[in-house]
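A.B. asks: Sequence:
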Amino acid sequence: MNTDIKFIPIDYDYFDFNGKNYIKLIGRDNKGKRICIIDHFNPYFWAILKQGTSEKTIQKIQQKIQKIKIKSSSRITSVIKTELHNKNYLGEEYKAIKIFISNYKDGHAIADKLGMKEIIARRGYDIRILSKYIIDKNILPLTWYNTSGEIIDNDDFAGIANIDVDLCVKAESITKSESQPSFTPKVLAFDIEADEFEIGKGHILMISLVGENMKKVLTWKHCKIKQDYVECFKDEEDMLEAFVKYIKEYSPDIITGYFSDGFDLPYLRARAIHNKIKLALGLDNSNVKFARGRIPSARISGVIHIDLFRFIQTAYSQYLQSETLGLNEIASELLGEKKIEFEHKQKAKRTQKEWKDFFEYNLQDSILTYRLFEKAWPDISEFSKVIQEPLFEVTRDTMATNSENYFLHNLDKFNEIPEKKPIHEEISERRMRPRYQGAFVFQPTPNLYNNLAIFDFTSYWPSIIVSFNLSRATLLDKKQSNSTEVNLDDKKVYFSKKTGFFSKILSEIIEKRKKYKQEYQKNPNPITKARSNAYKLLANASYGYLGFFGARYYCPEAGASATAISRDFTKKTIDLMNKQGYKVIYSDTDSIAFLLNKHTKSQVLELLKKINKNLPGIMELELEDFYKRGIWVTTRAGTFGAKKKYALINHKDKLKIRGFETVRRDWCRLARNIQNNILKMILEQGNHEKALEYLKQIIKKLKKREIEKKLLIIKTQLKKPISEYKANTPHIAIARQMQEKEMPVDIGMLIEYYIAETKDKKARIRDKAKLPDENIPYDIEYYLNNQILPAVENIFQVFNINIKEVIERGRQATLF
DNA sequence: GACTGAACTATACC
DNA sequence: ACGGGTATAGTTCAGTC
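For the first sequence, the positions run 718 to 1533 when my numbering is used.
There may be inaccurate statements among the hints.
To be verified - Think about it this way: if two alpha-carbon atoms lie no more than 25 Å apart in a straight line, the pair counts; the simulated DMTMM-like pairs of lysine to aspartate or glutamate are:
hint	residue 1	residue 2
1	K1006	E1110
2	K1326	E1228
3	K1246	E1378
4	K1318	D1342
Stated by the list, open to error - Per label pair, the in silico range of CB-to-CB distance:
hint	residue 1	residue 2	range
5	P1438	D873	46 to 54 Å
6	L1205	G1261	13 to 21 Å
7	S968	Q776	37 to 45 Å
8	K1436	D1484	35 to 43 Å
9	A1156	K815	41 to 49 Å
10	Q1035	K1418	54 to 62 Å
If you are wondering where the hints come from, they were derived from the structure by calculation, not from laboratory data. None of the values given here were measured: they were computed from a predicted structure. The beta-carbon is built from N, C-alpha and C at its ideal position, and this holds for glycine as well.
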């Protein structure tokens, strides 16, 4: 029976039937029904021919290729057909044979059989079949399609249709719909609590589930406690089975958790195995599968599992203020939610009241995850649509991979054959590469400055890459008549002036970013913002991509050229500004801070126009802001001005603090707060009087032991397994103590401690470091000399005040 | 045993 | 293994006097 439906693909999968590859799309129709579409797809790859190979030879090669067969236990893969095309590869024209094969899994094996000397490269066999399908058939995620085809039943394709959907169709035609109504997926958030931190070691005590019209906590513990959302089961096994049942009933498009790739789903799997039950969450009743990777990604067949932590880490973290990526902190920043403090105790110690709080806490985490998902959905879905990769992939891939995928999905417009991924030896070779020289940082003179402004280059790296056409394909072997020459430390490199596909795609990204940013400003909503943001992230990742060892279009020469060009422009602009009667006081990479020197704001804008007139290509300088005051200090050694460390106040009294201890999470709150307040007082008032008084008061309090302990806690991140540390630092000493006490210690955690007084005055700091709950008095001298004074010393030095002497004088004065 | 500089480590800036 | 380089700064640790 035939049918026509309007369908939106959400999940992409594939399967083999009779040795051939088929694509399985899961999504919804416009009435909200769950649909599965089976589509046929013939994977292919390219054999690139030596330029000048004769037609006759090519025909012979094609005939040879057509006879290739790969036999394995489960299938015979053959070449279905070959086609000859005129293609581009790294910007040059070639004849290339397009080789269609019956099963993509044997692509590598078939490519290995192409030893003919006329074939100079084999490409495209290392692209995932689902990406290839999307590129080739142009069936994009989260886009509506009019689909017609034959309804299939459970017996077809060896039962592939025997899954939990309303309708399964074997596609005959799939065409993009004219109307693209907005789509809201059905989402379920979940979170587990266990009595042991280590995966699988303890029991899962409870699981919360939150969706639209769904708020549940499933448990098998303390069932007497009456809470309407708590549902009680006989044991862990029953609870796990109910968890699976509820998810099936709810039938979500997306299941979301926070760190669920790394914790919740591995734990659930471990406990399911222990209880000898199947975690059959897939639409085909399959188990959760874990893909290889640094953090294994948990995949559920037919349902998109999204670990929000992973997406936030790659897409948001550089723009967030939060010091950790924990759910509570991120939710409080992104949603403005107040944090719920909850102390994780050993199970034996919990009171009835505490169990009640535990249930509520568990539910709250799913609520936060659900709301965070709603907030992130525009970004996640736009990312998927812009990059043209499925939701599962864009939420797991790093920015380098996302960028690369964007390029791969846009190569066809340039008739370009994709470059291959580097393999092991090449990767290790690339990783040995010495660093190339980076951007320019201006050596500031420490002082308090008045009346200044900052210019910065918009999208600096992308604009240089585009304007100078820097890329792998445009890098030339030698100087040509129409090439750009760039001087690097040890050599000269040349780039063609004929615009390459990399620059073209990147300039499109920048243009779209501009366009959607304007659209957002005209019509501010989460979708226009997300679209603009997706292009911004892609543009910003392009420069790092050039130097990344895993990149298909790896080109450190282009990266090094971009920085060489950047240094040139920044320095030239600084010179020009100084000659015009301004005084540049600082610069880092793409920004220039300068004194107005009696110039008016409109004169500054005129200067900006003048500079922009002479900038090449799409390079552009813009005004960041005008500032009332700014302070630069010396380094700790005190001999010269510190780079990457300054504080500014604009004309609306808004502070901008960079690099100071205030913004560093590995300093105690006390030192950070004092420094922040002192910077604020000095910048607001233009002098240090009030700040000095304030400092004296705090030091008095410190010496009288009136400072709360929570202000004295120092937090340091554990960045690798404890055993790999060569130095025995305070945070490692504490981490070891925590392990002995069987407290959870894991990579990525912030280790918290404070410095306590000891009898041995010369004891090492690590020997004085104590866990926060210990009751030994804090070490006054340490907090004074190693926290407070280092944080404020060079600020007062700007006013020629030696703060140590002032404190010492104060001490002697009290003696008299 | 005090001192010094290198090594190790963490974190920020753009 | 899962963008880049530049920069500051604390603590430990090994070598020197």
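A.B. asks: So, for every hint listed, does it hold in this structure?
C.D. replies: Against the structure, the hints:
no. : hint                         : verdict
1   : K1006 with E1110             : holds, 14 Å
2   : K1326 with E1228             : holds, 21 Å
3   : K1246 with E1378             : violated, 33 Å
4   : K1318 with D1342             : holds, 10 Å
5   : P1438 with D873: 46 to 54 Å  : holds, 50 Å
6   : L1205 with G1261: 13 to 21 Å : holds, 18 Å
7   : S968 with Q776: 37 to 45 Å   : violated, 54 Å
8   : K1436 with D1484: 35 to 43 Å : violated, 22 Å
9   : A1156 with K815: 41 to 49 Å  : holds, 43 Å
10  : Q1035 with K1418: 54 to 62 Å : violated, 37 Å
In this structure, the hints that do not hold are numbers 3, 7, 8, 10, in rising order.
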